[in-house]
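**Student:** This is what each chain is made of:
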Amino acid sequence: MSQAATIEAHEFTVASEKRLPENISTQIPESLARLIERAAAGDMVAFEEIMKHSEKRVMRMTWRMLGNEADARDAAQEVFLRVYKYLGRFKQDQPFFAWVYQITLNVCRDIARKRQQYNTQFISLDNGNEAASVISDTQADAEETLIRVQERELMLRAIATLPERERAAILLRDLEGFSTDEVAHIMRSTATTVRSQISSARQKIRVYCGRYLKKREERRCDEL
Amino acid sequence: MNCKSVEPLLSLYVGRDLEEEESRLVAAHLQSCTQCSLAADEYAWAGQLLQEYEPPGFSDEIYAGIREEVLNEIQREPHARVWSGVFSQLVSSLLQPRMRWITAALLLVISVTALYLSRNRSRQLPSDREIVVLTGQPAQAGSGTHVQSESSNESAGSSSFSNKERVAIATTHRRNTRKREANAGVVATNLSRELHTKVGPLLPSSDPAPMRVEIQTSDRNIRIIWLSGQRSVAGGSEGSKGL
Chain A
1 MSQAATIEAH
11 EFTVASEKRL
21 PENISTQIPE
31 SLARLIERAA
41 AGDMVAFEEI
51 MKHSEKRVMR
61 MTWRMLGNEA
71 DARDAAQEVF
81 LRVYKYLGRF
91 KQDQPFFAWV
101 YQITLNVCRD
111 IARKRQQYNT
121 QFISLDNGNE
131 AASVISDTQA
141 DAEETLIRVQ
151 ERELMLRAIA
161 TLPERERAAI
171 LLRDLEGFST
181 DEVAHIMRST
191 ATTVRSQISS
201 ARQKIRVYCG
211 RYLKKREERR
221 CDEL
Chain B
1 MNCKSVEPLL
11 SLYVGRDLEE
21 EESRLVAAHL
31 QSCTQCSLAA
41 DEYAWAGQLL
51 QEYEPPGFSD
61 EIYAGIREEV
71 LNEIQREPHA
81 RVWSGVFSQL
91 VSSLLQPRMR
101 WITAALLLVI
111 SVTALYLSRN
121 RSRQLPSDRE
131 IVVLTGQPAQ
141 AGSGTHVQSE
151 SSNESAGSSS
161 FSNKERVAIA
171 TTHRRNTRKR
181 EANAGVVATN
191 LSRELHTKVG
201 PLLPSSDPAP
211 MRVEIQTSDR
221 NIRIIWLSGQ
231 RSVAGGSEGS
241 KGL
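Residue numbers (our numbering), protein chains in the order written: chain A, 1 to 224; chain B, 1 to 243.
Fair warning: there could be bad hints in the mix.
Computed footprint of chain B on chain A; a stretch qualifies when at least three of its residues, placed anywhere within it, have a C-beta under 8 Å from a C-beta of chain B [said to hold, decoys possible]:
#	stretch
1	32-40
2	45-58
3	73-81
4	148-156
5	172-178
6	198-208
These are calculated hints, taken from the structure and not from any lab test. Even glycine gets a Cβ: it sits at the ideal position worked out from N, Cα and C.
Start from the sequences, fold in the hints, and give me the full structure.
**Tutor:** See the structure below:
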């Protein structure tokens, strides 16, 4: 690959990484602040609104942390129960969703410890079902989509190999779009530690995926 | 920058986590180094793969089910959760890095206090076996020295008491309680014999006063009284025992 192509690839990564989600905002919208106040006072309708407002993020994060739908659902329920329980202590001058992510990480850690078979359960059945549905696409696209599914599964396995803290750090930084400082705040750690965890996680993923890539190339060579 | 210093920065460079100056230096190195450039490509590829790591689309029914379960759970046990929440919050706050020293100090104070109280309590507890030996004339028994010993009763008895003195021997043994209770009477009996042998020679033969020895065993209902002196019946034993 030429130097120009290399730089382009880097630029692409940066561009995709810049796809920051809406949850970065540290200022709570006034409507949300009112909902929080009402929910903290025991208004269940307001709390339901808060759940609707944050359920997608919570489910996304729990699924990414735990790797399957059943655990993700259980975790999401527990997250909202804890949010309700501690809502009275939430200070409005801090970012609400960062606080929710804090709870989410704690819940995911608790569930993962309870299950004990974390790594074996991480490879979910969800992907198998999806793979089956993908294979039923047109024959022309089948190979490409199959590769995509394989790559996704590869990433699932790669993430499963990461220690919990590194996994949380890289998911929050690279997928949820938080800055390093925000990740440090959520993980109750320092920016330096988080940077180190992110770096380590990226290196491990690169090595894991690199090994897979090599195997795939070798297999192609054998077939030819 | 050389390859050795660039390599650990590559993952951060690709993720845009470096400071501007460092990032500029790494970019300059990548333009001149194929090996590092390839490594950066691999990071970029892995980063793209990571972006594909999206959960499947969850249906509205799933979200509605979660909300319903949460609301039901909240209404089911509001009080229990509040208390468990307070407790868990307290524990978690005590385990926070800022609070660790305070927690450690609290634990230290609590353990020292507990140790102090337990030692004091053990001192105040009545001794497992208390034997009071009264010797001398019954009329003068109250006017003597009072000696306590924590060593064995035999040694205390042989070294501390004298005629016409009141000797109190308190022993504390913390061995098997059953064994102690079973042996209590035997020890008392042995002691009385020993007292008899020790005290006897000390008594002047011309002393007309009778000698009285009282031995209180661990059982308060049992007191051994041994009398000796001129009142003894001829041909009989020198003393008598009463329980």
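**Student:** Against the structure shown, which of the earlier numbered hints fail to hold, in ascending order?
**Tutor:** Number 1 - this is the single hint that the structure violates.
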